[in-house]
Amino acid sequence: MLKINGLQASIGDKQILKGLNLAVKAGEVHAIMGPNGSGKSTLANVLAGREDYEVTSGTISYQGEDLLPLAPEERAWKGLFLAFQYPVEIPGVSNLNFLRTALNEKRIANGQPEMGGKDFLALVRERAKLVEMEPDLMNRNLNVGFSGGEKKRNEIFQMAMLEPRLGILDETDSGLDIDALRIVAGGVNKLRSKDNAFIVVTHYQRLLDYIVPDVVHVMADGKILKSGPKELALELEEKGYDWVKEHA
Amino acid sequence: MATATMTDPKEGVLPLIEGSTWPGAAEALALVQTLPVPTSKTEAWKYTRVAKLFNFAYTAPSGDAPVELPPRLPFPATRVVFVNGHFRRDLSDELKADKGVVIDSITHHLAHGPLQANYGRIAPIGDRLFTAMNAAGPTDGLIILAVKGAQTTKPVHVLRITTGNGGPMLIQPRDLIMLHEGAKVELIDEHVAIGNAASSLVNSVRECVVGDGAELTLHMAQNEPDGPADIGLDAVEVAAGGHFSVDTTTLHGTLVRNELFVSLAGAGAHAELNGTYLLNGTAHADNHTCISHDVADCTSDELYKGIVAGKATGVFNGRVYVRQDAQRTRAYQRNANVLAGDDARVYSKPELEIYADDVKCSHGCTIGRMDEQALFYLRSRGVGEAEARRLMAHAFVTEVVERIANAEWRTHLTGLIDTKLETL
Ligand SMILES: Nc1ncnc2c1ncn2[C@@H]1O[C@H](COP(=O)(O)OP(=O)(O)OP(=O)(O)O)[C@@H](O)[C@H]1O
Ligand SMILES: [Mg+2]
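If you read the protein sequences in the order shown, they are chains W and F.
Per our numbering: the first sequence = residues 1 to 248.
Per our numbering: the second sequence = residues 1001 to 1424.
Fair warning: there could be bad hints in the mix.
What the hints assert, rightly or not - Residues from chain W that keep clear of chain F, each with C-beta distances beyond 12 Å, as calculated:
id	residue
1	23
2	35
3	59
4	69
5	186
6	203
7	234
8	238
Stated by the list, open to error - Per label pair, the in silico range of CB-to-CB distance:
id	chain 1	residue 1	chain 2	residue 2	range
9	W	96	F	1386	19 to 27 Å
10	F	1112	W	140	51 to 59 Å
11	W	66	F	1423	30 to 38 Å
12	W	175	F	1332	28 to 36 Å
13	F	1267	W	52	49 to 57 Å
14	F	1411	W	125	22 to 30 Å
15	W	221	F	1341	33 to 41 Å
If you're looking for bench data, these hints aren't it; they were derived computationally from the structure.
All residues carry an ideal CB built from backbone N, CA and C; glycine is no exception.
Can you build the whole structure from these sequences, using the hints too?
What follows is the structure, given as structure tokens:
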């Protein structure tokens, strides 16, 4: 589904990704861990098409297609979804109106008819249950005044609505209380299928108890240093990142 | 003397206003002759150059030009039509429907006592050349007189049409709106240009007297591609417990100057000023507002927001003046601008002059670009770039529109704004 080869990316003069390789197959969940500032969010943003980052070398192929020339919205239409580490507050844009626009643009891009108001609301009700979203939040302005946890829940709710092929969760667990963590993880698990894949960026092994990954990667200084089975996360928790750096 | 006249930039204007018999016209004419044309050195006109308006040899406006009226507003309103400044009874609706409310051409009332008590008093000339020009030779105008407790049952829709292709005209509308105690009037003032009227000048003055506990609501829509230069002054006096609210929406304009002077003259008077400007091309809109808190216990709330793109210019100058004995004043003012494009210009200047000590005043002005982070967020969910920008722009100005009480006007305005946003 996703193949990243020798990816280098920088912002301004600062190189952040320094030759990153990653391959994700359909049906898999990959966890990416790594110290602050190692470039995890940068990778996520580059995948989603953020223009602030300049890709200076390397390739990204997504479902057999070169991802790099595509605009962020085109990537979304092709099933890519990034749950932001810091979801943006947008005053004056209603959560549901925006989501309906996004969903219908995606449907049109994929040759499907637009979804009418009634079907849309039915889908909203169903998917909101998945993450136990307060109905009141739906009608509010996008993320405005949401608590940290509510924002993260809203990210997963949107993901559930848009049914991505490749979902990238950037520290969605940070700021969630234990119950919310379970609910959000449960939501992701329900969305998992043999046709889609997830990349889960996290600092905490705890999340991986709920969303069990197929592969765990350790990222440091813009590269993936080590990859291994889910037990690698436990080992990391015990021994810290220096251990990986020494043994890389 | 002769040489002075030859180089007087007002040469193109003077012949048109001389000999007027309106109240105070002769005195005003003398002031037109002495007051200088504002230049970029004139503080109040720093960003709005008007010298070029005096390069035309204006002709007197003709009111009987044949016009095709634009479609009606999508809700009930009493339509009053002015063509090139002249009242057109034949094109206007029945104006006597509301009991106790007189709606008419002001020319039929110039000799009446109530008019004389207020005419020229609410909008004194001072050092304002344009006000002097207007007073020296008004074209025609609207009078609305609402007796104690009277109400308009539907908004009065004043449609001011300027026709193009007939050479430059000097049109000087002069209105007087008088609300006695407890009266309620809602007015929609819409400027429409038919054809290319860009070389004409519409120089309007409207005086409004809001009596004790009365309520005046004014909606102004300026949507004139190839429209005339539009220089306007609204002067409003609000008595005790009176309420004045205005929304001004500028979507197109060759050169638009909206001056708004509000005097809160009785305890408990309230003014609410809302403005939106969405400009592109070479449009120029200048909102100059002044709210004067003349007595204690009055409130004012002002919000202007604009998106300025292309080679357009937006100017906001908001003066709030609190007199020494205007204690317990509350005055809020905010102006926010989005600059879209490298050639767009925004000048924003709040001016607070506070001489009382027990007041709550706040003001803020911002000029920024559209939030790229938010745009990326929307796009990453599959909202196309153009649509994402529109959503953001809509969100930005909707804050102003939401403050408008009349839901029908709000909906109509939202439609106009969204149509305009498609082009920004
Ligand atoms: N817009 C930016 N301008 C300058 N530096 C940036 C920018 N974005 C990221 N960086 C730098 O790039 C490096 C990687 O940042 P990134 O956000 O990708 O780290 P991360 O692995 O996600 O960290 P965390 O675990 O704290 O979320 C950091 O040193 C950061 O300061
Ligand atoms: Mg990060």
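*What are the numbers of the hints the structure violates, in ascending order?*
Of the numbered hints given earlier, the structure breaks none, since each of them holds.
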